[in-house]
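Top line first, the protein sequences correspond to chains A and B. Quick note: the first sequence uses our numbering, first residue 5, plus one each step. Quick note: the second sequence uses our numbering, first residue 98, plus one each step.
If a hint is listed, it holds; no wrong ones were tucked in.
Straight-line alpha carbon distances no greater than 25 Å define the calculated SDA-like cross-link-like pairs of lysine to any residue that follow:
| hint | chain 1 | residue 1 | chain 2 | residue 2 |
| --- | --- | --- | --- | --- |
| 1 | A | Lys123 | B | Val171 |
| 2 | A | Lys161 | B | Phe213 |
| 3 | B | Lys156 | A | Gly86 |
| 4 | A | Lys161 | B | Val128 |
| 5 | A | Lys161 | B | Asp129 |
| 6 | B | Lys102 | A | Met93 |
| 7 | A | Lys123 | B | Pro179 |
| 8 | A | Lys161 | B | Val176 |
| 9 | B | Lys156 | A | Ala78 |
| 10 | B | Lys156 | A | Arg101 |
| 11 | B | Lys156 | A | Glu90 |
| 12 | A | Lys161 | B | Trp183 |
| 13 | B | Lys149 | B | Gly130 |
| 14 | B | Lys149 | B | Glu115 |
Covered by chain A, per the in silico footprint, the following chain B stretches (three or more residues, Cβ under 8 Å):
| hint | stretch |
| --- | --- |
| 15 | 175–181 |
| 16 | 203–212 |
Just so you know, the hints here were simulated from the structure itself, not pulled from any lab data. Model, not experiment: these values are computed from the prediction. Even for Gly, the Cβ is constructed at its ideal location relative to N, Cα and C.
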Amino acid sequence: MARDKQLNPIDRVIFFAVGLVLVGAALTLAVSALGWQGSGSIVALVLWVQTRPIEAIVAAAVLLLGGLHSFYFASQTERDEGLRQETPMGHVQVSMRAVENLVTRSAREVEGINEVDAKVHQGPDGIALSLALVVQPDVQIPRVSDEVTALVQARIKETVGIDVGRVNVEVRNIAGTARQRRE
Amino acid sequence: MNEKKDRTELGDIRIANEVVGVIAGLAATDVDGVAGMSGGIAGGIAEMLGRKNLSKGVKVEVGEEQAAIDLFVVVEYGVRIPDIAWTIQESVKRAIETMTGLEVVEVNVHIQGVHFHTEERHDDTRVR
Chain A
5 MARDKQLNPI DRVIFFAVGL VLVGAALTLA VSALGWQGSG SIVALVLWVQ TRPIEAIVAA
65 AVLLLGGLHS FYFASQTERD EGLRQETPMG HVQVSMRAVE NLVTRSAREV EGINEVDAKV
125 HQGPDGIALS LALVVQPDVQ IPRVSDEVTA LVQARIKETV GIDVGRVNVE VRNIAGTARQ
185 RRE
Chain B
98 MNEKKDRTEL GDIRIANEVV GVIAGLAATD VDGVAGMSGG IAGGIAEMLG RKNLSKGVKV
158 EVGEEQAAID LFVVVEYGVR IPDIAWTIQE SVKRAIETMT GLEVVEVNVH IQGVHFHTEE
218 RHDDTRVR
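Just chain A, with the same shape it has in the complex (with noise of 0.2 Å):
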């Protein structure tokens, strides 16, 4: 899903980080549990600590860090505010996510878009969007902006019952040149 994708770099940093540690610590538990009492083990790792106790501190504060932002990192992840709309009988309330996979669905219909990254910001007239597209290479990029932009707030307009305000589009690349380069 769109949301996944938009990890980023720091986070995948950081989760690699965390990961090779997560593997270091299973090998030396695993090691020391063997019975192994030289270079790799738990043992010779508390000893070779002791003698570089700056060292040690520095790593400490770092897999703190770490661990403190995979911490936030897991707990931020669903507050998600969403379009609220109040009716006589309480409120209805469409989350961000909901709406983005509505857009992001509405504008691959459209002719000579392959991809679609879609963004929703609270506006003051509505809501505003931004669609970052991949195009394919052969079509006009002014009638197909204005096309998606055309369906987009007619079908969002139709699902969620919200006029859209502005609608950003960013080209952000054509069809197969990421993937030459790639290869």
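Given the coordinates of chain A, work out where chain B should sit on it, guided by the hints.
Just chain B now, with coordinates in the frame of chain A:
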């Protein structure tokens, strides 16, 4: 925690909040276009452990006479959310009021997601 309590000649009648939640959950999932309830992390874990939770995605506040309900819902792609929200509010209100005698003052509907039937046409460009 407060719960519905009626005093009759023969004794008290209490309705647990959980019961109100189950009634609300069933009434909401019965509405056409509702794909399911969204239970959050705790609900997901409970479900993984094999416990079917009928009041998943429902939060109830029950007083002596009145109740307010929050529903966390996933809807099918293509439905009109204002319409379906209205239908959910109506049917949940009706179900709770007829079954428990509580007055439902508020049914808040939170659309947590949109469910798509056909899995998206997979990047046909990749094959090219």
